[in-house]
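Trainee: Make a model of the complete structure from these sequences and hints.
Chain by chain, the residues:
There are 2 protein chains.
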Amino acid sequence: MSRQARRLHELPRAESLRRLARVSLGRIVFTQQALPAIRPVNHLVDNRNLIIRTHIGAAIVSAVHDDGVVVAYEADAIDPVSHLGWSVIVQGRAVLIRNPAEIARYQCLLRPWVLNQMDYVVRIHPEIITGFELVNEDGSPSA
Amino acid sequence: MSRQARRLHELPRAESLRRLARVSLGRIVFTQQALPAIRPVNHLVDNRNLIIRTHIGAAIVSAVHDDGVVVAYEADAIDPVSHLGWSVIVQGRAVLIRNPAEIARYQCLLRPWVLNQMDYVVRIHPEIITGFELVNEDGSPSA
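In order, the protein sequences belong to chains A and B.
UniProt numbering puts the first residue of the first sequence at 1, with every later residue one more than the last.
UniProt numbering puts the first residue of the second sequence at 1, with every later residue one more than the last.
Errors might be hidden in some of the hints.
[What the hints assert, rightly or not] Chain B regions said to be covered by chain A (calculated; three or more residues, Cβ under 8 Å):
1) 27 to 33
2) 36 to 49
3) 64 to 72
4) 77 to 88
Everything labelled a hint here was simulated from the structure, so no lab data went into it.
Here the structure is a predicted model, which means the values were calculated and not measured.
Note that CB positions come from ideal geometry on N, CA and C, so glycine has one too.
Mentor: In structure tokens:
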């Protein structure tokens with residue numbers, strides 16, 4: 001593997017959302033007691049919004065007021081050896097979903113991380129989407 | 001795969017650091033313009049500190065003053081299908097390494113993400129370490 005023959009390129013917004021939709025795991029980034037915090041969660045992309053379901057309710061939900069709070073969300077697929085791969089980062093407002101019908105629908109669509117634990121469904125509306133990919137210089141795809 | 005037979009358990013601090021040291025990729029979480037931000041980077045564990053090297057200098061370094069800023073760092077190994085696996089989250093103060101000898105040493109030890117780009121070396125002293133693992137109920141290991 002040549003370490004010379006690689007370059008980082010940006011992914012367009014639509015392609016970034018497609019990549020997010022292709023994977024089911026990511027990490028939500030939020031502020032907790034004035035400190036940066038992060039938790040791995042699973043997600044789906046629904047009507048250009050990110051929906052996450054998490055059992056770590058207290059940490060995230062306490063930060064998600066009715067009018068929402070700004071969070072970041074990151075998902076990636078990066079090869080642990082070559083380091084080739086892509087990462088997509090979303091910044092946007094997160095709100096707790098409270099409508100029982102919506103909750104029921106997303107609970108069917110999204111597998112919980114751990115069964116039988118109280119969990120929450122959160123919608124993130126992407127405002128800023130940053131995607132990039134590290135590829136070989138000849139353009140061959142990554143992980 | 002039975003979805004019933006799984007449980008989440010905490011990892012002790014020492015084991016969490018060992019897991020971090022076993023992987024080379026993670027995500028630094030910081031505050032940028034008062035918003036939560038995250039970037040994938042590569043790291044090593046050196047004398048119980050996390051050392052990261054990143055080409056995305058401006059985003060992180062602008063937040064890392066001489067006296068440091070509190071950041072979070074997350075690394076994981078989670079199976080994309082079974083969702084079994086582990087995650088370790090560190091919170092602590094990050095400082096930019098400015099000593100040329102230290103920089104040179106870490107530049108040898110840590111592979112840069114992309115060659116020929118200006119990069120920075122940052123040390124994170126872990127203050128809070130949170131590790132957890134999702135395993136099958138019989139205790140068999142995950143990813």
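Trainee: Does each hint fit the structure? Answer for all of them.
Mentor: Here's how the hints hold up against the structure:
1. 27 to 33: Since three or more residues must qualify, the claim that chain A covers the segment 27 to 33 of chain B holds, with 4 doing so at under 8 Å.
2. 36 to 49: Holds, because 6 residues of the segment 36 to 49 of chain B bring their Cβ atoms closer than 8 Å to Cβ atoms of chain A.
3. 64 to 72: holds (count 3)
4. 77 to 88: holds (count 4)
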